[in-house]
Amino acid sequence: MSADAALVKRCLTGCPASARELVERFQSDVLAVCRRLLASEHDAEDVAQEVFIRVFRSMSRWDGERPLRPWILGIAVNRCRTWIGKRARTPSLADYLDDAPDRKPTDDSAELAGELRTAVDGLRHEYREVFVLFHEHGQPYEEIAGVVGRPVGTVKTWLHRARLEILDRLRSRGLVPEEEVPKTP
Numbered sequence: 001m002s003a004d005a006a007l008v009k010r011c012l013t014g015c016p017a018s019a020r021e022l023v024e025r026f027q028s029d030v031l032a033v034c035r036r037l038l039a040s041e042h043d044a045e046d047v048a049q050e051v052f053i054r055v056f057r058s059m060s061r062w063d064g065e066r067p068l069r070p071w072i073l074g075i076a077v078n079r080c081r082t083w084i085g086k087r088a089r090t091p092s093l094a095d096y097l098d099d100a101p102d103r104k105p106t107d108d109s110a111e112l113a114g115e116l117r118t119a120v121d122g123l124r125h126e127y128r129e130v131f132v133l134f135h136e137h138g139q140p141y142e143e144i145a146g147v148v149g150r151p152v153g154t155v156k157t158w159l160h161r162a163r164l165e166i167l168d169r170l171r172s173r174g175l176v177p178e179e180e181v182p183k184t185p
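Mapping of the sequence shown onto full-length UniProt numbering: position 152 corresponds to residue 152, and the numbering continues sequentially without gaps.
Bear in mind the hints are in silico, worked out from the structure with no lab data behind them. Watch out, some of these pointers could steer you wrong.
Stated by the list, open to error - Cut-off 16 angstroms, straight-line C-alpha distance, at most; resulting in silico cross-link-like pairs (EDC-like, lysine to aspartate or glutamate): (1) Lys86 <-> Asp46; (2) Lys156 <-> Glu143; (3) Lys9 <-> Glu65; (4) Lys86 <-> Asp43.
As the structure is a computational prediction, the values presented were derived from the model and not from experiment.
All chains, full assembly: derive it from the sequences and hints.
Shown next, in the form of structure tokens:
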């Protein structure tokens with residue numbers, strides 16, 4: 001029996017120490033994914049709590065033959081999608097903050113980092129999810145495919161398209177030089 005399966009089995013028996021162990025083992029990954037996909041610390045914390053509630057409610061349906069981490073991160077991505085959908089239907093209470101004065105970065109790297117964050121945040125949610133999981137969390141294609149519920153080929157396509165969109169945005173902002181793209185035969 002794998003360590004994941006043993007931990008889930010102990011959690012299913014109602015052992016509070018095992019539940020705490022599971023949360024401690026995965027909370028940093030879940031919170032990091034939520035922070036990146038939601039771009040709000042407060043929302044990320046709320047969604048991360050929902051994720052673990054969902055994990056414990058549906059733990060008996062987890063397939064012990066598969067790794068636990070992608071299953072939990074899949075729940076996190078789905079909860080973020082739901083949260084984003086709810087957020088899109090409700091008006092923002094902080095719309096007035098757009099009128100705040102712009103703080104200029106002290107160097108180009110800060111500006112580039114900010115533009116990169118904005119470019120990633122502007123991606124379609126599918127592209128953003130695979131980009132964040134691959135580039136910011138170092139997940140392999142197979143795990144990302146398990147998390148988002150799509151084939152590996154689709155994950156690779158979405159990741160490629162995300163990179164192209166980000167590159168186009170950075171070029172349009174003058175942060176990356178225009179280059180001749182060689183024509184493929």
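Now the hints, each set against the structure:
With a C-alpha separation of about 13 angstroms, the suggested pairing of Lys86 with Asp46 holds against the 16 angstroms cut-off. Taking the CA atoms of Lys156 and Glu143, the gap is near 12 angstroms; set against the 16 angstroms cutoff, the hint holds. A threshold of 16 angstroms between alpha carbons decides the hint, and for Lys9 with Glu65 the separation of about 13 angstroms falls inside it, so the pair holds. Between the alpha carbons of Lys86 and Asp43 the distance comes to roughly 12 angstroms, so the proposed pair stays at or under 16 angstroms and holds.
The structure is consistent with each of the numbered hints, conforming to all of them.
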